[in-house]
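*Asks:* Fit chain to chain and form the complex, with the hints in mind.
These are the residues of each chain, in order.
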Amino acid sequence: MTRHQFELSNLNVAFRSPAQTVHAVRGVSFHVDKGETFAIVGESGSGKTVSMMAAMRLLQSPPAHITADAMRFKGEDLQAVRQRDWWRYTGEKIAMVFQDALTALNPVYTVGWQIGEMFRVHRPQMTRREIRAASIALLTKVGIPEPERRLDDYPHQFSGGMRQRAMIAMGIALDPEVLIADEPTTALDVTVQAQIMDLLQQLKDERQMSLILITHDLGLVAETADRVAIMYAGTVMETGTIRQVLGTPRHPYTLGLLGSRPQAIEKGDKLRPILGSPPNLAAASRGCPFAPRCTAAKPVCSEQFPPTVHVPSGQDVTCHVVAEEAGQGNRQPEVTT
Amino acid sequence: MTTATLAPLLSVSYLVKHFDVGGGLLRGKTGTVKAVDGVSFDIRRGETFGIVGESGCGKSTLARTLLRLETPNSGRVTFEGQDIFTPQALSDKALRRRIQVVFQDPFAALSPRMTIYDVLTEPLKIHEGTLDKARWPERVRELLERVGLRPEFANRFPHEFSGGQLQRIGIARALVLGPELIILDEPVSALDVSIQAQVVNLLEEVQEEFGVAYMCISHDLSIVRHISDRIGVMYLGEMVEMGDCEDVYETPAHPYTKALLSAEPEINIGGEKRQQVLLKGEVPSPVNPPSGCRFRTRCWKAQDKCREVPPTTRVGDADRVVKCHFPLTND
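Those protein sequences? They're chains Y and H, same order as listed.
Going by the numbering used here, 294 is the number at position 294 of the first sequence; the sequence numbering is gapless.
Going by the numbering used here, 101 is the number at position 101 of the second sequence; the sequence numbering is gapless.
Just so you know, the hints here were simulated from the structure itself, not pulled from any lab data.
Mixed in with the good hints, there may be bad ones.
Said to hold, decoys possible - Within a straight-line C-alpha distance of at most 27 Å, the following computed BS3-like cross-link-like pairs (lysine-lysine) qualify:
#: 1; chain 1: Y; residue 1: Lys204; chain 2: Y; residue 2: Lys74
#: 2; chain 1: Y; residue 1: Lys74; chain 2: Y; residue 2: Lys93
#: 3; chain 1: Y; residue 1: Lys298; chain 2: Y; residue 2: Lys267
#: 4; chain 1: Y; residue 1: Lys267; chain 2: H; residue 2: Lys258
#: 5; chain 1: Y; residue 1: Lys204; chain 2: Y; residue 2: Lys141
#: 6; chain 1: H; residue 1: Lys280; chain 2: Y; residue 2: Lys204
#: 7; chain 1: H; residue 1: Lys280; chain 2: Y; residue 2: Lys141
Claimed, not checked - Computed footprint of chain Y on chain H, listed as stretches where at least three residues anywhere in the stretch have a Cβ under 8 Å from a Cβ of chain Y:
#: 8; region: 35-41
#: 9; region: 199-212
#: 10; region: 222-232
#: 11; region: 254-265
#: 12; region: 275-287
Quantities reported herein were computed from a predicted structural model and do not represent experimental measurements.
Ideal Cβ placement from N, Cα and C applies to all residues, glycine included.
If we strip away everything but chain H, and leave its shape as in the complex, we get (with noise of 0.2 Å):
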């Protein structure tokens, strides 16, 4: 990006959120779950950043808090050099419509009452005085054109629409109020193979055309390497490593990194069995994570010192960050 030099339009500095654990009635508070524990990073004008990690990584946590859905525990997240979390900011509607989402789930994110109709403008009765209310039809028609729909949906209710084209009402409902930053979370998981490419394009297209941020959270490694710019990897609450997107991929340095994209199965007719690294077990519970790196109960490299210290991030080449007691060298 060439905007790479620029102020980062958002910027995450050792943002923790933890969730006390009961056990039970009257028993008070047995444990807690770090779901984010720690994680720093910036996110520039008009680029894609990408977070991929298993399922309790913690990065749906990271996106609600991003939304202000979670107060954090500390930490500190800063948009256009504005803290967020300030008693100002919070109370501050327009720093909302800066920052818009798109769920996973095309099906249940959109009110099965409301026309798309109701549902586009919506964000337009909140957020008053953004738009004149004699122009909103007008509105609604353009973004669904530009999202590939005809605008006379406007008046249907999300029943009558399938999957592929409920997510494009989603990422139209994203784009109503003009934003700087959409965050994704698992944006087509739910939708079939065929029509997942479609709404791909269609982010990638929005994007040009409107120079938004995105944070992409998936899963899917694929796609997650298909759009995003520079990635973070994400274990058990933490940010493990992080860099461009092609460097992170081709060469990675946390061994966890390099699990998990060799985990990843690939069509590769005639070609050589890849070297696939496998992981033992699971990932353990963020309640009582593992003293000293927490992916040493899995990694293979782990040493005594995994154990007993737990890694700082270290900065590389090309603000690779990693952490890592003894990370991967790529001879």
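Bound conformation, chain Y alone (with noise of 0.2 Å):
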């Protein structure tokens, strides 16, 4: 078996309540390989940044619930580290850089500062001066203009898109293996949004950085990943390469996001959109989370969870209707990668 960058297999993650269990995240497994971009694919409680979050130990436990068969960095076992020594690990092997950048940023500290910390934390042994000057040339690699000026300065002072350059910088600040990035450009324009993205492009290809972009922008991913997940209700739909999960999508669920596009369609024609509304993950059912909405639905949709199925085209699809199709229902086969 290869080694991968980094691995998750079958990661649960469950919110307990007196009142109520919330299922965020079922059975999640992927991998990323190094100088790869995986990008996680979902709308607002599909469960990317919950599933990311867990395994950087980010999640309170209670009340949330995590197991997971495997949780792999380079082969080591990420669930046996000892949480004394987890910090070795986070900004230094791993590094995730956060969705809003205000929020993420401390308002009372300087950018300087803020960035200064990996160094004061990681790097005991280098001095003020040192960590200055490394501070310095991370703004100058992330295309901030007068950095020496500009590290003085305070988040409010940084417009949205030097915020999340500051952020980035921090997050590349000791030169991390896996990189992941929770929806690195979604508070920002268009514009800015392709000069960012350009930015991690490069960074990755010069350090052979592996990239995890947790995203719900379609078009983007098609840009910028190498191989993606879909992700829907806390499960992952289909997954394999850009080539194959947008350029011959199987899951019903996949076929109605790239289908509910406006550029799915010719201009005047009506949308084409998903009917009814994302599941409540406290009530979760035994069957496929995207049954109610799912045109191709059966009865043991709604009773069974669905088997992981790979077909021909190269992709791995989640869905009984896939599975049946290929002569493989309802059993579970085994997943090559």
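*Replies:* Written out as structure tokens, the structure is:
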């Protein structure tokens, strides 16, 4: 078996309270290889952020209840790492860039102080002068003009695009091998989004970094990722290369998402939306979470959780209907990766 | 649109809205944000006019001014030929009835303490005499059914609904008084991707049925392209390009329009990698916009003239309006 840079297998996250249990993530598995961009796509509440937060130990437990068959970094079992040693992994081996840079940055410290914190914690041998020089180099790297001066600015003095750049600077400060970027451009305008994605791509190429990109934008995925997982209600519905999943989609949800875009129809025609709305995760059914909205649904879909099948075009699809067509109904196949 | 030759429903000419920026207590005014700076356009009866532009370009201020939530510094706005900013017009509630709005965030736009029935009948209370009170329940029922909700939802409170449902209620509220123009300020951007298409279809159905005109503001270029008949592109308070929606998307003439459209990611499996214009830097501050052409600091075609002389607005074929010294030729 090949050793992946980062690997999750059968991750489950539930939030328990006396009143109810919310199944936020159900059986998510994926891996990312060296220098590769893996995208996780889904709507709000689909579990894409929670999966990565769980892997990074950022969820409080309780209420979060996390189980996984495996979580590995270059073959090393991350679940076996003691909590007091965990800080050596975050930032250094795996780093995360959060979605909303304005809330993720601390308003009462300068941007320079916050970037420098990475070095103060992880590189205690560095002097203050060295830290400042390294921080300036990082700001230059991410394309912030006049970095010597901007280092002493507070987050509110930065524009949205610059804050996101500063977040990326913190993320790459310790040269991590895996960078998780959670909706890095959602709050930004398209012209700035293009700049930020260009920067991430360039950093990834330079450092042979692996990038896990969390987003809801299929266009962005098509242009930047190598492989993708489409999530719905805590489950990976379809996963494979961009060409497989977006070029020859098989899952009814993926087909619905692609079909509801204005680009999928002629101008003047009506859009073809997915009917209904996402399910309440506290009332999780035994069956396929997409069944109530699925046009292809059969009785079995609402009774049994669907199997994951490897289809001829190469991707893995979690769907009863696709499984039946492939002649593998209800059999859990060996997924070869 | 077949009504294209008729007089415009709404006509905006040289609209200016500036905000003073203070330097703190007793220090007085230190600058002016030129949020909307000399914008002109028309909206025709029953059509959809889309406005695109990045944050800070003045599109929301423009919408607020047309709703008379802001008073313009100068310029003229007429609705069916009547100036909407004269003192008489400002006290005329009937005019307000004819221009309504749907806001971006449906969770914030509805009062959590009012039932849906109260939300939908409040406009009728304010505009007394529009509809006999005995007929209100019937009107609410009709509207809820029209926007795809069950009539018994009238007795519920906003927290009982999803974002998509709340936006349907927001649309119903805008329709209560039978307006002729509805301003849509980012109508779907707060909604999940799988819900957006449902709401866009509803907006189109409502337009067909009631013949209402829309001014649709959005940063989602594909949604604007889908629903608009004509579009305007704004940059730093100015309308830099305007024209038939498909024309502008197919053959942008202003460099900014081209850059903006090319920055939108697209799904193109196996096709050629599209040409992307990557702009330098970010939108400059509207307090101190660049001299000459406001886009010149990020424009790859800028020359000396662009710094020295502000471009004038030129009208070309098919009413295409471009504000640029060196518009792109699309050969």
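*Asks:* Now look at each hint and say whether the structure bears it out.
*Replies:* Going through the hints against the structure:
| no. | hint | verdict |
| --- | --- | --- |
| 1 | Lys204/Y with Lys74/Y | holds, 17 Å |
| 2 | Lys74/Y with Lys93/Y | holds, 10 Å |
| 3 | Lys298/Y with Lys267/Y | violated, 33 Å |
| 4 | Lys267/Y with Lys258/H | holds, 20 Å |
| 5 | Lys204/Y with Lys141/Y | holds, 13 Å |
| 6 | Lys280/H with Lys204/Y | holds, 21 Å |
| 7 | Lys280/H with Lys141/Y | holds, 15 Å |
| 8 | 35-41 | violated (count 0) |
| 9 | 199-212 | holds (count 3) |
| 10 | 222-232 | holds (count 4) |
| 11 | 254-265 | holds (count 5) |
| 12 | 275-287 | holds (count 5) |
Hints 3 and 8 from the list above are not met by this structure, while the remaining hints are.
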